[in-house]
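S.K.: Read off the chains here:
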Amino acid sequence: MENTQQTESKIIELKPFADEMVVNMGPQHPSTHGVLRLELKLDGEVVREAIPHIGYLHRCFEKHSENLSYPQIIPFTDRMDYVAAMNQNWGFCLAVEKLLEADESRDFEVPERAEYLRVLICELNRIASHLLSFGTYGMDIGAFTPFLYAFRDRERLLLLFEKVCGARLTYNYIRIGGVSEIIPLEPGSITEQNFLDEIEAFLDYFEPLIDVYNELLTKNSIFAERTTGVAVMSAEMALNYGATGPNLRGSGVDWDLRRDEPYSIYDRFDFDVPVAVDVPELGSVVGDCWSRYKIRMDEMKESVRIVRQILAEGLPSGPVMADLKAVRPPKGEIYFRSEAPRGELGFYIVSDGTPKPVRLKGRSPCFSALSALQELSQGLMVADIIAIIGSIDIVMGEVDR
Amino acid sequence: MSDFRAMLASPYFNVSEGFFPNINLQDGLNWAEEFIQNVVIPRLPEAVAAHFPVELGTVLVMFGCAGIFVGVFPLLPLFLVLAERKVAARFQNRTGPMRVGPWGTLQTLADGVKLIFKEDFIPPQGDKFLFLLAPYIIFACSFAVFAAIPFGQNILVSDFNIGIFYIMAISSVIVMGVIMAGWSSNSKWSLLGSLRSAAQIVSYEIPLGLSILTIVMLVESLSMQEIVATQSNGIFSWLIFRSPFTFIAFFIFFISAIAEVNRTPFDLPEAESEIVAGFHTEYSGMRFALFFIAEYANMFAVSAIAVTLFLGGWEGVLPGYDILGGLPGFVIKTLALVFLMMWLRWTLPRLRVDQLMNLCWKYFIPIAFFNILGTGIWGLIFPEDTLISTSISCAIIYIGLIAAYKVAGRSLAQRPAPQPS
Chain X
287 MENTQQTESK
297 IIELKPFADE
307 MVVNMGPQHP
317 STHGVLRLEL
327 KLDGEVVREA
337 IPHIGYLHRC
347 FEKHSENLSY
357 PQIIPFTDRM
367 DYVAAMNQNW
377 GFCLAVEKLL
387 EADESRDFEV
397 PERAEYLRVL
407 ICELNRIASH
417 LLSFGTYGMD
427 IGAFTPFLYA
437 FRDRERLLLL
447 FEKVCGARLT
457 YNYIRIGGVS
467 EIIPLEPGSI
477 TEQNFLDEIE
487 AFLDYFEPLI
497 DVYNELLTKN
507 SIFAERTTGV
517 AVMSAEMALN
527 YGATGPNLRG
537 SGVDWDLRRD
547 EPYSIYDRFD
557 FDVPVAVDVP
567 ELGSVVGDCW
577 SRYKIRMDEM
587 KESVRIVRQI
597 LAEGLPSGPV
607 MADLKAVRPP
617 KGEIYFRSEA
627 PRGELGFYIV
637 SDGTPKPVRL
647 KGRSPCFSAL
657 SALQELSQGL
667 MVADIIAIIG
677 SIDIVMGEVD
687 R
Chain E
7 MSDFRAMLAS
17 PYFNVSEGFF
27 PNINLQDGLN
37 WAEEFIQNVV
47 IPRLPEAVAA
57 HFPVELGTVL
67 VMFGCAGIFV
77 GVFPLLPLFL
87 VLAERKVAAR
97 FQNRTGPMRV
107 GPWGTLQTLA
117 DGVKLIFKED
127 FIPPQGDKFL
137 FLLAPYIIFA
147 CSFAVFAAIP
157 FGQNILVSDF
167 NIGIFYIMAI
177 SSVIVMGVIM
187 AGWSSNSKWS
197 LLGSLRSAAQ
207 IVSYEIPLGL
217 SILTIVMLVE
227 SLSMQEIVAT
237 QSNGIFSWLI
247 FRSPFTFIAF
257 FIFFISAIAE
267 VNRTPFDLPE
277 AESEIVAGFH
287 TEYSGMRFAL
297 FFIAEYANMF
307 AVSAIAVTLF
317 LGGWEGVLPG
327 YDILGGLPGF
337 VIKTLALVFL
347 MMWLRWTLPR
357 LRVDQLMNLC
367 WKYFIPIAFF
377 NILGTGIWGL
387 IFPEDTLIST
397 SISCAIIYIG
407 LIAAYKVAGR
417 SLAQRPAPQP
427 S
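Protein chains in written order, with our numbering: chain X, 287 to 687; chain E, 7 to 427.
Do not take every clue at face value.
Claimed, not checked - What follows is a set of in silico ranges between Cβ atoms, one per label pair, in the way DEER data are often shown:
no., chain 1, residue 1, chain 2, residue 2, range
1, E, Y369, X, E325, 52 to 62 angstroms
2, E, M104, X, Q595, 51 to 61 angstroms
3, E, N167, X, I337, 57 to 67 angstroms
4, X, R554, E, A342, 49 to 59 angstroms
5, X, I337, E, F75, 49 to 59 angstroms
6, X, E348, E, A342, 58 to 68 angstroms
FYI, nobody ran anything at the bench for these hints, they're computed from the structure. Even for Gly, the Cβ is constructed at its ideal location relative to N, Cα and C.
If we strip away everything but chain E, and leave its shape as in the complex, we get (with noise of 0.2 angstroms):
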């Protein structure tokens, strides 16, 4: 008990300053090195003590850390899988999976058992080193963006200077696996389905980017935890309420980014009704299983980057109001996210492929440059983020809604009124 309560008091359990240990990487290696030193080695008897390797125990307390964090989140969509099925099931009058464990909660472990154990088909005509490697390249990609998530004050793995560059750079990376995936399989269906996914990811990419940029403008950082940093004064010190231009950033980026992970109504990639499965056709068993798990972490994970660059990250509705580091705060506002992501899922149809390249090149892009001029004037009239720039962003955003809805209000009224039968 005293070990327990000596172990709390330690500077790396303490509450004070946050729950979580630091696990910064940037600083880590000395901080395993210190819980080596002086949480471990005390609790040791002396004779080992004093052979300890240090070294060794360092590297070792960091591939514990890597462990957890590799442990975690694969387990992640695990959870999102069965979400969206209860979600869905909702949505359409269902109860969804209810027989695996209590309110059918094991179902997604279940069906993972049933990939694990399925057959492994590898399509003979096609090139099996590129089939064999598409799903790993998919997987990692969507798993390394979490490194540079910051889910808390100290939970996250890096916060390395070019943070949302790198989310950037190595999301782009998925394209590759999914173009792969598509032209190995040998499959017409999946050559169509990888092809639009190329198109659609690289062309969305854009107004992605761009809005991120109205973001690093304002912020003059790319480094995820100075972005928090900037929107630590409660709700109205969020960057999505800094100035009316970062508030049509938000939306640009979170269609945007829905359209990067192929969900509805942008799930062209793998539209069911037409091209079957699209670039995952020909995939069964557990690399199909890595596709669907990255589907789900890649949802997740934007919704996390949304969250970050928006919508104050890991820092309370009111200042100060970080519980445990933020980490719940963090998650339940990016699962808020996920769950738009799966409302708009199951009530939309979906658009067509000269429709979708038109909304991007047409519409967004546009309007993210308007964007970036904007913030731009907006940065040179309030260079600081006081109450009064606050203030009028606020309602700035206020009329346009008003006026949105009063637009849109009219011309729903334009539409033929149901009939009276």
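Okay, chain X solo, but in the shape it has when bound (with noise of 0.2 angstroms):
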């Protein structure tokens, strides 16, 4: 009977007020999505503060990367976004291709074939991303069964790019002034077909699942009572917060780099931006949870139209690598900033001419948007918690670098 005592009033000092219960949600808890920590003060059920730790998937990828080459640097960013490696090599590359042209001694242009498939990896990539979102959101509001329908077609399209690069998840496909050779799909050859065809198959079999997906979820009852509404970030407050991507897009601002500071052949390719509105018939307001995850849903139909295009198009014949010599940018510094499937991922690299960056930083849009959390989440209940975290949909690996 002492000994239960003396227990109890150990838990009360721990205690700020009588009345609050501080819980720990995370690291390891199933909907934090990785190792996210938030500290929750809960009164009852309604959550007072939500206050979010992070680096416990820290791996000092910045630090790192001041002692290895440009190239060396690629296979690092695939851990950090490592649900859209393909997007995360992309941003880096451009980066450094930008730094790269600052060089008049040297020409080079990264190949049109290289390009398309690119923008053809990249955006089956976003799909797989978008999925993945998708999936976990629903298991996040309590629905099991989206989740493995989302992996189930997920798995297709990892398997193709098995088929290119030979990674199903850190894939370091995507190179510097170009793509991997390491798999070669010969211009014209049957193996290209192939895997052309392969793609089509998959664009034939996936598109009219995503409205399958809406009837199942996102138009479920229960569902859209447990998302609309909740959590409502305005376009005001998305802007301060430095939200991008379908978040920003989910605030209602009509804001996509593929389209407002198109970079490689983004310009030729015909796409809309999804940007959210009101759905009165479901009670959604723009800025809520719904909408966010609807920007995904609907972004997934637009990357598969991209992707069609190409098809329709074909491949462009030609190497897949400029030739470079050796990466050695000169002396000077970039920031460049890409559309990444959870937003604006930039690279900012210091050069000194050396063919290893002084600096390198990397601009990650989920720190941005897990940034908003705290004021999001203040005043609702712990469900609401799993609800916002799903629905401004963080990477911890891009969180922490």
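With the hints as a guide, bring the two chains together.
M.R.: Next up, the structure:
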């Protein structure tokens, strides 16, 4: 008996207030999407404050990079947003290529074929990433089945990626000046044709399924109850926190780097940028969890459109790598941003003319979006925290780098 | 062989009266004694028979029957867990467990063996006594419910005159076990889960009880067998069709029952993505298995109660077609409801705490009260269950369903059509 009292008094000492419960959600928790730790201050089920603690997956990516040559950094970018690693590779390569272009003595251009392959693979990767987001969001809200449907479809995409680069998750496919040639797709060969046919078969299979998933989850009234009107992020707030990508468009800001600052060959394709609108039938207002989630569902359709255009044109023939003797950018600095599935991925590189960067900084879209969590979650319930984390779609590998 | 025939010919195995012997506990003592006197003693050598302790034999026979009961029902969750996994797998384009035994049929057994051998962890900071006690309370209560459920004409433990009241009372005790488990674990997730569970079960008991009340008003009895007996004239005499109000009551009962047994969309007490595993987060090994078994036993129990109250119990679809004392029909109907629960679980997301309470207090309880009023008026107009009252009731239900379908269809049509891309 005495023993029990002792332990009880211990517990009370730890509590700041008698009626406030401090709960650690994470870093090992089923739905913190990795190793996010949230310090929840609860008043019953109501959240007074949710303080995110990050850094459990910190791998010193930026410091590491200072001791590596540029091509050696690419595999490290794979580990940032490992759900959409192709886009991370691409973002880094784009920045380095931009830096290389400043060197006037060197005349190089990324080959046409490589550009097409990059867009093709990265848009497929975007679908794979959004599929994961869709599946895990369903699971966060309590529906288990969409998760398995999403993984079933994602599996087909991963098999396609395996065909071009031999890896399923960390691809290291897009290189500075082109794409990897480890598993060559000879222009006009049967291998290439099979690959394109498989993509087409996947699109034909997958496109109608988006509507099926919308019927299954998006328009489900319980799902709508849980996500509409929850954690409304106004356009102003989204801009202030630096939220980008689907989170920004979910708040009604019409901004997509692929269209507004076209890099690579995005200006050649015809696609729409989905922006959130009020959906009174379901009770959704611009900026709530449902809007952010819906943007991803719509973006998958747009990615399908882009890939279909590439398939219709066919891949141009030619080499897939520019003739770069060595990657030795001139002295200078560059910041380049691209539209990754989770938002604006930026790389800031300072070069002193050696093969290694002096300083490298990655701008992570998830990090910015996560910073809004504390303000979004005030006064909501524990279940809503889960809905917010899922809707801003964070990948901890990228937040912590 | 002749012995076997003689046994069949004896009144205790009379096929014409129902295949199973009457193991009704009310006159069970007499039955067991008669079984000893008339079946066992004549078969014994005379020297033994003269000194055979009839009383002891009677008690032994009764223990034997209880043993069958206790032995059979815990096997039910084994089957249901496998069924759930297989059903879920089919919904999700998978095959489910396939490795252990033919088509994975022994998987649950293997899991059970694994759980027995796992470490039995007790949180050192928690309340040890309550922690150890909680699973037994939940386990015992969920199986005690089976005592009052009539599985067939003569297949029930006891037909006591407050049957349905007893079920309500016993199933309410489960919440005590849940709170004990959550509190004694000394884990915040457990505490949150158990309090959610307590609030949920206590709230949903009200619409549950009120919808049972509509049945009790019509049958004028709390005895489960009498409730079944009023539904003996085929499908249209089932209480669900007795009046439009019982039809509504069935849905309130069933949805509340899903909430009572903590299944999706009301699985907040053990919402994995929110509070890890709810009140049984800290339990491991066989104690966890007890919670798990109790959960599936509960699921079967509430389906069985729904079948007994609303869907004719062990009575057949056509009058008189209660094969083998009505047991197969009863099990099929119950498993159909269990399947419905599984279907809902693998389709729907989960509600939030406040939405759950809204649904109960703002919709179900007012509707349930309205139902009681309506049932009273219905009972005044049609004191007896006649062909006319059934026809009127079925007509109203039919019109109501059509209207509901039209309204729901219109709201579906208002939704934005999928954009062709």
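S.K.: Hint by hint, note whether the structure agrees.
M.R.: Hints, verified against the model:
1. As the Cβ distance of Y369 of chain E to E325 of chain X is approximately 36 angstroms, the hint placing it in 52 to 62 angstroms is violated.
2. Between M104 of chain E and Q595 of chain X the beta carbons are some 42 angstroms apart, a value that contradicts the proposed interval 51 to 61 angstroms.
3. At roughly 59 angstroms, the beta carbons of N167 of chain E and I337 of chain X sit within the given window of 57 to 67 angstroms.
4. Checking the proposed 49 to 59 angstroms range against R554 of chain X and A342 of chain E shows it holds: the Cβ atoms sit about 57 angstroms from each other.
5. Separated by about 54 angstroms at the C-beta atoms, I337 of chain X and F75 of chain E satisfy the suggested range of 49 to 59 angstroms.
6. In this structure the hint that E348 of chain X and A342 of chain E lie 58 to 68 angstroms apart at CB holds, the actual value being about 60 angstroms.
Consistency with the previously given hints fails for numbers 1, 2, ordered from lowest to highest.
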